[in-house]
Amino acid sequence: QKEVEQDPGPLSVPEGAIVSLNCTYSNSAFQYFMWYRQYSRKGPELLMYTYSSGNKEDGRFTAQVDKSSKYISLFIRDSQPSDSATYLCAMSAGKGFQKLVFGTGTRLLVSP
Amino acid sequence: KAGVTQTPRYLIKTRGQQVTLSCSPISGHRSVSWYQQTPGQGLQFLFEYFSETQRNKGNFPGRFSGRQFSNSRSEMNVSTLELGDSALYLCASRGNNEQFFGPGTRLTVL
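Those protein sequence lines, which keep their order, are chains U and S. For the first sequence, this note's numbering gives the first residue as -4, with consecutive numbering after it. For the second sequence, this note's numbering gives the first residue as 1491, with consecutive numbering after it.
To be clear, the hints were calculated from the coordinates, so they are not data collected in a lab. These figures come from a predicted structure and were not determined experimentally. Incorrect hints may appear among the rest.
Said to hold, decoys possible - Calculated pairs, DSS-like style, for lysine-lysine (alpha carbon to alpha carbon, straight line, at most 25 Å): (1) U:Lys37 to U:Lys62; (2) S:Lys1503 to U:Lys37; (3) U:Lys62 to U:Lys(-3); (4) U:Lys94 to U:Lys(-3); (5) U:Lys(-3) to S:Lys1547; (6) U:Lys65 to U:Lys51; (7) U:Lys51 to U:Lys94; (8) U:Lys(-3) to U:Lys65; (9) U:Lys37 to U:Lys65; (10) U:Lys51 to S:Lys1547; (11) U:Lys51 to U:Lys62; (12) U:Lys90 to S:Lys1503.
Start from the sequences, fold in the hints, and give me the full structure.
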């Protein structure tokens, strides 16, 4: 079983919908949690970065971490066709971005 | 400022050959990490270099190696290539509490 599980999708939504993306994990040592967006033929781009449990908001994006349930979420409000991409969760037991463990990614399709 | 540069962008090799990939981090960043991305396994951590020293290592065989130069540029080498080494190899440049990935090198092993 993988340390980080993520539904591969694809997740198809209409423009303007609220999108919920999730990951579960098994390693209780994870302290840092990230969400990346990856467009086809590009490297991952960091969207959100949180430490320990709680919520963090940045524009249309909200990240939630529930360490007691070993569950993290990314919410995208007012989704746009340009949000169509693969979303990867990542976690680290070390400091910040060290030795990241990634989920396999969820492919999101936002239709106009 | 300039982003993370990886060269070459595409590479085709045959089994048994070796390959060297290069990564130039963002100016001022001293840490470079390498990741392998495949459809089945996703992104997997290979190793991290900081100030020319390997600081962390993932669970890959010894055929995968790397190094970092005094200007923070990094190379990774894969010897005795296998079909399963076909992947997108990404490097990540880190510093000042920020991290950026490069566009990757797409390696195909025939």
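A quick look at each hint next to the structure:
no.	hint	in the structure
1	U:Lys37 to U:Lys62	violated, 31 Å
2	S:Lys1503 to U:Lys37	holds, 22 Å
3	U:Lys62 to U:Lys(-3)	holds, 17 Å
4	U:Lys94 to U:Lys(-3)	holds, 15 Å
5	U:Lys(-3) to S:Lys1547	holds, 18 Å
6	U:Lys65 to U:Lys51	holds, 17 Å
7	U:Lys51 to U:Lys94	holds, 22 Å
8	U:Lys(-3) to U:Lys65	holds, 13 Å
9	U:Lys37 to U:Lys65	violated, 29 Å
10	U:Lys51 to S:Lys1547	violated, 30 Å
11	U:Lys51 to U:Lys62	holds, 14 Å
12	U:Lys90 to S:Lys1503	violated, 36 Å
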